[in-house]
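Quick note, the sequences are listed as chains Y and S, same order.
Sequence positions in the first sequence follow numbering that gives the first Met the number 0 and run 0 to 408.
Sequence positions in the second sequence follow numbering that gives the first Met the number 0 and run 0 to 408.
Because the hints were derived from the structure by calculation, they are not lab data.
A quick note: this is a predicted structure, and the numbers were derived from the prediction, not measured.
It cannot be assumed that every hint is accurate.
Stated by the list, open to error - Pairs of lysine to any residue residues, derived as SDA-like cross-links and limited to a Cα-Cα distance of at most 25 Å, are as follows:
#1 309(Y) with 391(Y)
#2 55(S) with 41(Y)
#3 207(S) with 235(S)
#4 178(Y) with 142(S)
#5 175(Y) with 122(S)
#6 375(S) with 352(S)
#7 28(Y) with 62(S)
#8 375(S) with 340(S)
Stated by the list, open to error - Here's a subset of chain S near chain Y, in silico, CB distances under 7 Å, partners left out:
#9 57
#10 61
#11 65
#12 66
#13 67
#14 254
#15 275
#16 276
#17 277
#18 282
#19 317
Ideal placement from N, C-alpha and C gives every residue a C-beta, glycine not left out.
Protein chains: 2
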Amino acid sequence: MSTPEEFIQSMYSVMSSRGGPGYWKTSAKPVTWSFDAGLPDPTTFPLDDLVRLSDKVLRRDPAGALQYGAGPDGSTMYGFGGLRELLAEQAQRSVGPPVDIRGVILTSGGVQAITLALQAFLNPTDVIGMEAPTWNMVVARVRQLDLEAVAIPLDEDGMLLDVLEERLQHLRAQGKRLKLLYTQATFNSPTGVSLSLPRRQRLLEMAKEWEFLILEDNVYGDLRFEGSALPSMFSMDDSGFVMKIGSFSKTIAPGLRMGWLMGHPEAIAAIAAVRGDLGVSQWTARVIAEYISEGLLEPHIAEVNQLYRKKRDLAASVLEERCSPWVSFHVPEGGFNHWVELDEHVDSAAVRELGLAQGVDCRPGEKFFGEGESGKSHLRIAYSQVPMEEIERGLTVLGNAIKESIRPD
Amino acid sequence: MSTPEEFIQSMYSVMSSRGGPGYWKTSAKPVTWSFDAGLPDPTTFPLDDLVRLSDKVLRRDPAGALQYGAGPDGSTMYGFGGLRELLAEQAQRSVGPPVDIRGVILTSGGVQAITLALQAFLNPTDVIGMEAPTWNMVVARVRQLDLEAVAIPLDEDGMLLDVLEERLQHLRAQGKRLKLLYTQATFNSPTGVSLSLPRRQRLLEMAKEWEFLILEDNVYGDLRFEGSALPSMFSMDDSGFVMKIGSFSKTIAPGLRMGWLMGHPEAIAAIAAVRGDLGVSQWTARVIAEYISEGLLEPHIAEVNQLYRKKRDLAASVLEERCSPWVSFHVPEGGFNHWVELDEHVDSAAVRELGLAQGVDCRPGEKFFGEGESGKSHLRIAYSQVPMEEIERGLTVLGNAIKESIRPD
Numbered sequence: 000m001s002t003p004e005e006f007i008q009s010m011y012s013v014m015s016s017r018g019g020p021g022y023w024k025t026s027a028k029p030v031t032w033s034f035d036a037g038l039p040d041p042t043t044f045p046l047d048d049l050v051r052l053s054d055k056v057l058r059r060d061p062a063g064a065l066q067y068g069a070g071p072d073g074s075t076m077y078g079f080g081g082l083r084e085l086l087a088e089q090a091q092r093s094v095g096p097p098v099d100i101r102g103v104i105l106t107s108g109g110v111q112a113i114t115l116a117l118q119a120f121l122n123p124t125d126v127i128g129m130e131a132p133t134w135n136m137v138v139a140r141v142r143q144l145d146l147e148a149v150a151i152p153l154d155e156d157g158m159l160l161d162v163l164e165e166r167l168q169h170l171r172a173q174g175k176r177l178k179l180l181y182t183q184a185t186f187n188s189p190t191g192v193s194l195s196l197p198r199r200q201r202l203l204e205m206a207k208e209w210e211f212l213i214l215e216d217n218v219y220g221d222l223r224f225e226g227s228a229l230p231s232m233f234s235m236d237d238s239g240f241v242m243k244i245g246s247f248s249k250t251i252a253p254g255l256r257m258g259w260l261m262g263h264p265e266a267i268a269a270i271a272a273v274r275g276d277l278g279v280s281q282w283t284a285r286v287i288a289e290y291i292s293e294g295l296l297e298p299h300i301a302e303v304n305q306l307y308r309k310k311r312d313l314a315a316s317v318l319e320e321r322c323s324p325w326v327s328f329h330v331p332e333g334g335f336n337h338w339v340e341l342d343e344h345v346d347s348a349a350v351r352e353l354g355l356a357q358g359v360d361c362r363p364g365e366k367f368f369g370e371g372e373s374g375k376s377h378l379r380i381a382y383s384q385v386p387m388e389e390i391e392r393g394l395t396v397l398g399n400a401i402k403e404s405i406r407p408d
Numbered sequence: 000m001s002t003p004e005e006f007i008q009s010m011y012s013v014m015s016s017r018g019g020p021g022y023w024k025t026s027a028k029p030v031t032w033s034f035d036a037g038l039p040d041p042t043t044f045p046l047d048d049l050v051r052l053s054d055k056v057l058r059r060d061p062a063g064a065l066q067y068g069a070g071p072d073g074s075t076m077y078g079f080g081g082l083r084e085l086l087a088e089q090a091q092r093s094v095g096p097p098v099d100i101r102g103v104i105l106t107s108g109g110v111q112a113i114t115l116a117l118q119a120f121l122n123p124t125d126v127i128g129m130e131a132p133t134w135n136m137v138v139a140r141v142r143q144l145d146l147e148a149v150a151i152p153l154d155e156d157g158m159l160l161d162v163l164e165e166r167l168q169h170l171r172a173q174g175k176r177l178k179l180l181y182t183q184a185t186f187n188s189p190t191g192v193s194l195s196l197p198r199r200q201r202l203l204e205m206a207k208e209w210e211f212l213i214l215e216d217n218v219y220g221d222l223r224f225e226g227s228a229l230p231s232m233f234s235m236d237d238s239g240f241v242m243k244i245g246s247f248s249k250t251i252a253p254g255l256r257m258g259w260l261m262g263h264p265e266a267i268a269a270i271a272a273v274r275g276d277l278g279v280s281q282w283t284a285r286v287i288a289e290y291i292s293e294g295l296l297e298p299h300i301a302e303v304n305q306l307y308r309k310k311r312d313l314a315a316s317v318l319e320e321r322c323s324p325w326v327s328f329h330v331p332e333g334g335f336n337h338w339v340e341l342d343e344h345v346d347s348a349a350v351r352e353l354g355l356a357q358g359v360d361c362r363p364g365e366k367f368f369g370e371g372e373s374g375k376s377h378l379r380i381a382y383s384q385v386p387m388e389e390i391e392r393g394l395t396v397l398g399n400a401i402k403e404s405i406r407p408d
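Isolated chain Y (complex conformation) (with noise of 0.2 Å):
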């Protein structure tokens, strides 16, 4: 007989592209300032309106809020049908031809709207396209489930769609097809480049043409501190080949756990049917929709987006200032990060270890990457978290770690 360990690591060995052991490993380090994860200024949460909404809405209807949703009106799998109309209504607006609520489904924030549609539109070895680079966690997530991606280079208007055609016309004399492709066409993380206007109608012809589905991730979206916004691909499609992706995540707070994908109503029905989970909560969901209802979700975003903006701005002014000249990078008009090039005389490998030694991190620019691709050159710098008195103190340490990775000519 095999030890448990044994046992275990024999059934790793069977599905070994899902992860493996040890997952969860402790950092050695205590990290002062992290400008790792992209996550919102937890200043901003709304906490008295939460309280007031959270009580208001579970003294109204203890037995809605609190029970699983009803089966026979789509609330369990679906989520809360009052939130996904106002859903719907809000992207109406900006549409103009109505949303059917059954093409908007609440979902564990928006990262299980990413997980759901992979599950439900690919099978192993099929091909998606996205952006290279990408959400790491986008990047994982695909080579988990065994998928080829195509990887589509970015410009300062986003997605080279010369290069897509290239890779569509190159599958198909390969016998292959891409059936999903995910795209982050407002605010890509980590680099804030979005698509352009004629960019995303050209896309939006190829996505008819060439028959693949587009996963807009516009989690980033409002996050908007300058520049005109961009029609999401959603609201300029009439063909149904688009899902959009949202979040409140970044603009409420990510404790609500709710995310939503809007899109075809067959295409979300596949989604519902592949979802692992009995739906999201009725009384979170109850708590969001109070807010939106009260008007105070758009004031909130104007809100949060001018910290936001201080935040860039003062980290853009400080990695000038300390890191200058070994670092290069755009300002992006909105989301939550600087994407930070290094010059080709630093050794990117020795900041990250200098920088944590001192309690400062941030993310390493190849995990925005698949496989053969390149990133290790790049640092993603997220300020969205860390106070404001605190970015400069913690980007001068990291300034500090990139002069003293400076390797000689």
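Assemble the complex: chain Y is given as a structure, and chain S must be docked to it using the hints.
Below, chain S without anything else, positioned relative to chain Y:
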């Protein structure tokens, strides 16, 4: 170019095993008496405590309650450490040896724990063992994931382990193996049957000998109205082969969306690695931790069990009175439902149709069995949610439907 509908249909044809269009069907007739789903009675939800504790945890630590959780301490993917510690302590009290909190992960109800375990440990065509009958959601998920199910019939002491042994030998002869056995060892739904103590011991020996994981779904375990409590398989295990699922959905409220999975830390690491979300709500986890810390959970469970015992007894006496001699059932010692066998002269499809036409719904027996198995002569009648005064009326209507559905000899 195909229409979106045609395109999505083509997607479905690729992945038809995962569910098709028209997933959410609104029922045509309104249901007055729903004995269908195993929902808790909403009058049991501890509203005042939840309101009070929700306010308390939000005010005390808004940044903790409303954020994602922290990566470095594992609280994002594993969930709030305070609640996991309480669950580990509780298990330790009954088990003896310490339970590592890395062996406890919070999930979106018990159902997500099941889904994640199947995803983590089983690949398509792998063999899973389960009771016959078992929870219809699991039957559906097994089919969706394209697993091979080995269904083990039950008697009044639970699974027939001689049959399991034969199936294990048969699998070995085919060059296959059982990887994981799903069991509701205490209060199997639909039957209410529990695995006897001697069989628990033998099953543990078999797991070690044949090297399979046991996934013990204990969500009904605390809902015992009479008889001696049986130790959980997890508490009897010294090998690490058993994982145990718990949930607060039946005991506190489903709207919290909180369950958990407990097992060997390496097995739980495999679960954390496949979860496609960013963990459960830090907020609601803190509410529950506070509820337990204040000593409210145990007396609350005792109280709800008094109500469910009354409902069980009332439902049993109405069924006896109104449906004799056309039904037979064993009164379960706990849980949410009666498993009723219809006499061979009763047309079960007609019962369902007549019942629904008059507003009474219950769950057809065949949903609890895989393909090629039986169940057509059974109904699961969940008494948990229906108010006391309506149980009599609803089951009277059902009784009349049964009497009207008797086939002549």
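*Unmet hints by their number, sorted upward, for this structure*: 19
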